[in-house]
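K.L.:
Here is what each chain is made of, one letter per residue.
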Amino acid sequence: MSATTATIATGVARADGRRPSTTLDRRAFWHLIGRLLVLGGLIGLVIIVIYPMLWMGIGSLKTNTEILSDPFALPASPDLSSYGRAIDRGVGVYFVNSVIVTGASVVFTTLLSAWAAYGLTRVTIPFSRTILMVIVGGLMLAPTVAVIPLVKLLQAWGIYDTYWALILLYTAFRVPFTTFLIRSYMIDLPSSVDEAAFIDGASRAQIFWRITMPMCKPILVSAVVLQILFAWNEFLFALIFVGTESLKTLPVGLATLSSRAVTDYPAVFAGMTIAAVPMIVLFFLSQKYFVRGLADGIGK
Amino acid sequence: MSERTTAEHAGPLGLVRYASRVGGQGPTAGRTGRRWRALVWVIPGLALVLVFVYYPLVLNFWYSASKLNLFTGELSFVGLDNYTRMANDPVFWRSLVNNVLYAGISVVFQVFFALVLAAVIESQVKSGRWRAALRSIYFLPSAMSLTVTGLLFSFIYQPEGGLLNGILDAVGLDHLQQAWLGNSSTAMLAIIAMSQWQGFGYSTLLFAVAIQRIPNEIYEAASIDGVGPFRQIFTVTIPLIREMTGLMMIVTMSGAFQVFNEVMVMTSGGPDNSTHVLGTWLYRSGFVKNDFGYAAAIAVVIFVITLALAIVQVRYTSRKRVVW
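Chains as they are written, first to last, in the numbering used here: chain A, 1 to 300; chain B, 301 to 624.
Treat the hints as calculated values from the structure; they're not laboratory data. We put the CB at the ideal spot given by N, CA and C, even for glycine. Some hints here could point you the wrong way.
Listed next, with one range per pair, are the computed distances between beta-carbon atoms [as the list claims (entries may be wrong)]:
1. B:527 <-> A:277: 51 to 61 angstroms
2. A:161 <-> B:519: 30 to 40 angstroms
3. A:34 <-> B:350: 53 to 63 angstroms
Every beta carbon over 12 angstroms from chain B, so not counted as near; a handful from chain A, in silico [as the list claims (entries may be wrong)]:
4. 24
5. 111
6. 232
Starting from the given sequences, assemble the full structure and let the hints guide the process.
P.N.:
Structure below.
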């Protein structure tokens, strides 16, 4: 903008018939070069980000021979059959599993965290600050550290290699973050509405469901989208706690597919696209909530 | 602009310290019976966290001092044996060095580069719509699973039909072509490069949010003082979001010590164990070699490193900070 202004200013000076200021000219010139460099850099980075993703999509439409020959070539005749083969080779099942595990863990995580956040901000609870510390402190512990004892624990309870293993773990390991997120929103809400309803004889549960939850809608949406992103993409637990082919979720299933389908690259590309597209769509649909959740989650 | 301690604004771990100092009493006090009954609100979440997060952590310390086979159920105490073996295990040290390398490179790209990028976008791109579009596009790889981006880059790095070798060929650098993941001198860097591609947009987005929260008056004042928009990035923007920069450094490093998915998908630690990180060496020691006690000892190392970083983060975020 200021580069343009400077150029216009010089132009005007010329039109006046006076000698244009060389310093202004030179400054405008360097300014323009700077702007072009910045613009070029930003666009270059867009290409670096977008092109591999497009390459993945295009690869799913190629034949195996085409993938192995010229990486830049477009498919001679775009072929959607790779998607059918990917689904037949297990991606269909993995997709359904991912939906089940993600869906259930979203419901549990959001509800348990909202309850805990409500209890910690609105209700007088014994040891509430200890409880807060314990729950939010869970964020400090890396999931990797718990993996080996968890195998034994889940085996003992008979939920090793079931959906429940993943649903419970995805909930337990995300309650700290989600509770933190919802709590920091609830604490800024006025409690006068609650108290008025309480005096009018409403029960705690009624206040929670009818008043507090609707007021927290924006942060609940953030919590939900971040949990979807987490559960859909999680790999470590999914690799260790589920071994049965028919229970695998997409991240582990795709890795299995790629090691088995070495002669059918287009199907692997198709499977990757099937796994990636829902999250990209989700991000574009709920960007505002995504950004808010991420930003508030790290410290507002 | 005023200075105050704002634990509420200090991120999840800042809260831990806050909670340890200030009481969290709700607005309505009830009789004792009702107070205890009120625990039902927090018990489900608390129980899950205790059972699945804290209890395994404690158990892991015990396992790390044991010989353990999870398939046969064998469990016997061996003292520090696993740790002495670890000290003499070259792959363990290699893994640790790889994690450190991962952390260092990630700080450069996902903190410093992302910070400058966010500042440039926010100050040099005039159209709000284009700013938003750039932030979103750069973020996109972070919405994809590491399995997908890892597999995608395995194809990009492939010697036959891979995109990287194709590009090198197209620009006349074909002598640099190689099997990027098959060569132990390039494999680790190739994985780390994928990780930067995947993650820089995430931190750029967070930095951009922090920059947007700087009040406009400060920039106006700087402009009046004759500071141009480009110099403002270094004299106004970057100094004013140094809190976020510190936080992102810690979060990025902590993430680098928990790397697992991308390495498993791209190389599984090979070739010649050159790309193992602590997470994959733990997995291999336990689930492939049945040496679960040793794996638990590696887990303790990961725990100590990530906990140390978390403590730094808690202390950092609960300091006095500038609030507008």
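K.L.:
Which of the listed hints are broken here?
P.N.:
Numbers 1, 2, 5 and 6 - these are the hints that the structure violates, sorted from lowest upward.
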